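The UniProt record's numbering puts the first residue of the sequence shown at 1, with every later residue one more than the last.
Among the hints, a few may not be true.
[Stated by the list, open to error] Mimicking DSSO-like on lysine-lysine, the simulated pairs with C-alpha atoms at most 30 Å apart in a straight line are:
#, residue 1, residue 2
1, Lys-72, Lys-82
2, Lys-155, Lys-207
3, Lys-82, Lys-181
4, Lys-169, Lys-155
Since the hints were derived computationally from the structure, they do not count as laboratory data.
Remember, it's a predicted structure, so these values are computed and weren't measured experimentally.
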Amino acid sequence: MADDELDDGQPHGGVVMCKPGSLCNDTRMGETTQRFSALQQPLLCAAIHFFHRHIRSDPDVLPRMEGNQMFKYFFEVQYHNKPDLNRIFPESVHDCSPLHVCSFILSILHQGIFSVSAFIVSIIYLSRFKEQSHITLHACTWRPLFLTSLLLADKMWEDKPVRNSSLAKLFPVLNNAELNKMEGEFLGMVRFNVLVTPDLFCSFCEKLLVEQTHQEITRCVANSEFVATLQADDGSVGGPSVQQESQGASQTQQDPGPGGDFGAGAHPAP
Numbered sequence: 001m002a003d004d005e006l007d008d009g010q011p012h013g014g015v016v017m018c019k020p021g022s023l024c025n026d027t028r029m030g031e032t033t034q035r036f037s038a039l040q041q042p043l044l045c046a047a048i049h050f051f052h053r054h055i056r057s058d059p060d061v062l063p064r065m066e067g068n069q070m071f072k073y074f075f076e077v078q079y080h081n082k083p084d085l086n087r088i089f090p091e092s093v094h095d096c097s098p099l100h101v102c103s104f105i106l107s108i109l110h111q112g113i114f115s116v117s118a119f120i121v122s123i124i125y126l127s128r129f130k131e132q133s134h135i136t137l138h139a140c141t142w143r144p145l146f147l148t149s150l151l152l153a154d155k156m157w158e159d160k161p162v163r164n165s166s167l168a169k170l171f172p173v174l175n176n177a178e179l180n181k182m183e184g185e186f187l188g189m190v191r192f193n194v195l196v197t198p199d200l201f202c203s204f205c206e207k208l209l210v211e212q213t214h215q216e217i218t219r220c221v222a223n224s225e226f227v228a229t230l231q232a233d234d235g236s237v238g239g240p241s242v243q244q245e246s247q248g249a250s251q252t253q254q255d256p257g258p259g260g261d262f263g264a265g266a267h268p269a270p
């Protein structure tokens, strides 16, 4: 499996993706289930690192993306024309440092009361979107793309999802109508393929946990309000396993295919 592929959890070349000792529990193989709540912080660190390392800011991206309609649509700078928009948004649009990316993601997750599992699913959705649109995750596109994929994941994953209008208040660069439009464009591009099977969720969690997370991201996560709430919740009795958690977005249906390559725009030209 290539470095940046999201696997579909199905056997490849006779190798079973869900191995003994892995996160995915399979009682037929005598594997051990790990409680998802105990792994949330390392998974969060790894997911943010995975997201950050695919953001590009090199000058050749803009000329190559000139004909890509989705890149143009999610290009954030054009939405900075809102009256009374806090200058912190336009001033930080080119900042794709580990600290900024991590702080922004944590702030949205905390204020929007999003779950770690929804964030992980949003990365899988974004992989599918990139595969279909050939868009590059760029310094000026990642925030709108992150928010759109997170909204969709939350709607599929949670019983009481965050409203688009509420997220528009957290990120006033985009209004409710613009978020709705982005959501529609995103869904159309992935052909409404929003199913995530337990196997795919578990195999991606396994992939995340082998990430060599940037120290700045690890520190930022450890000191965040969002992680403090996770630790408080983890003090409660019980808690779902990774496989139980992965049942949230998919029941008995089958995933139509792999999540694609999240790094499609990070190495070869799209």
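These are the hints, each one checked on the structure:
The hinted pair formed by Lys-72 and Lys-82 meets the criterion: a straight-line CA distance of about 18 Å does not exceed 30 Å. With a C-alpha separation of about 24 Å, the suggested pair Lys-155 and Lys-207 falls inside the 30 Å cut-off, and the hint holds. Our distance criterion of 30 Å between C-alpha atoms is met by Lys-82 and Lys-181, whose separation comes to about 17 Å. Restraint check: the Cα-Cα separation between Lys-169 and Lys-155 comes to about 18 Å, which is no more than 30 Å; the hinted pair holds.
Going down the numbered hints, you'll see the structure goes against none, and every one checks out.
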